[in-house]
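> Chain by chain, the residues:
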Amino acid sequence: MKAKRIAALDIEAADPGSARAALLESLGLAGNSQTSLKVGEALISFTRAPSQPATTALTGLTIEVENLDEVKRRLAALNVHAEEGEELTGSRFIVVPPGATHGVTLKLRQA
Amino acid sequence: MIRKVHHVAVVVRSVDEALKFYRDALGLAVTESATVSEQGVKAVLLGLGEDEIELIEPLDPQSGVGRYLDKRGEGIHHICFETDDIEGEMEKAQAAGVRLIDTRPRRGLAGQVCFVHPSATGGVLVELAQPEKGRS
Chain U
1 MKAKRIAALD IEAADPGSAR AALLESLGLA GNSQTSLKVG EALISFTRAP
51 SQPATTALTG LTIEVENLDE VKRRLAALNV HAEEGEELTG SRFIVVPPGA
101 THGVTLKLRQ A
Chain X
1001 MIRKVHHVAV VVRSVDEALK FYRDALGLAV TESATVSEQG VKAVLLGLGE
1051 DEIELIEPLD PQSGVGRYLD KRGEGIHHIC FETDDIEGEM EKAQAAGVRL
1101 IDTRPRRGLA GQVCFVHPSA TGGVLVELAQ PEKGRS
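From first to last, the protein sequence lines are chains U and X. With the first letter of the first sequence counted as 1, position 13 gets the number 13 in our numbering; the numbers rise by one all the way through. With the first letter of the second sequence counted as 1, position 67 gets the number 1067 in our numbering; the numbers rise by one all the way through.
Wrong hints could be hidden among the right ones.
[Said to hold, decoys possible] To give an idea of the chain X side of the interface with chain U (calculated C-beta under 10 Å), a few residues: (1) Val1005; (2) His1007; (3) Glu1038; (4) Ala1043; (5) Leu1059; (6) Ala1093; (7) Ala1120; (8) Lys1133.
Hints in this document: simulated from the structure, not taken from any laboratory. Backbone N, C-alpha and C define an ideal beta-carbon position, used for all residues, glycine too.
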């Protein structure tokens, strides 16, 4: 698979706004959105953890790939199940659940 | 200055087992592999184009990474941000009262690295890395 880059990271926190502010302030990062921040080309998004009390967790990783169809073929050949979808921008993606990826919700998106 | 995400590290029970997915199924290439004794882990970096993904396996269940794995299971362990001046970033952080795990840069798989304490970053474990020249 030819990957291009890390496109996004998802962080779950009990208080997503505070977690975002702490990361932003401690590292001197820039960011306008209340729910995300950008480092280089990667978007880091913060959402509320589904269960309370919860510790902050890095849950999701999005990777841009050059040829999503090739990735789908490779995974299908190994019987790895992936959900397919499409972004509002029209980019196609698949999501491989944590059970197949050693704990990561892995989104592979066509570049 | 922090430039970009250098890598995302995934803690796993067995790097060899995890490579069956990340290397063999996805087809990612291993760019570096080593035992990092200071951190008590076996670590492998795989290329993601401009960035990387790191698989880390604790060698000692009582180490920080070992305890993390025992408590939280497999999954993303930390984010590493790339900087071109790690000493400058550390000085800036310390001056701002940001709690660091390392007091000076140390050698890691990604170059000269240091860890920021999660208490300073909203619960996220952050690594800063200054890759060696010629690598990023």
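> None of the hints should be skipped; say for each whether it holds.
Each hint, compared with the structure:
| no. | hint | result |
| --- | --- | --- |
| 1 | Val1005 | 4 Å, holds |
| 2 | His1007 | 8 Å, holds |
| 3 | Glu1038 | 22 Å, violated |
| 4 | Ala1043 | 14 Å, violated |
| 5 | Leu1059 | 17 Å, violated |
| 6 | Ala1093 | 7 Å, holds |
| 7 | Ala1120 | 5 Å, holds |
| 8 | Lys1133 | 19 Å, violated |
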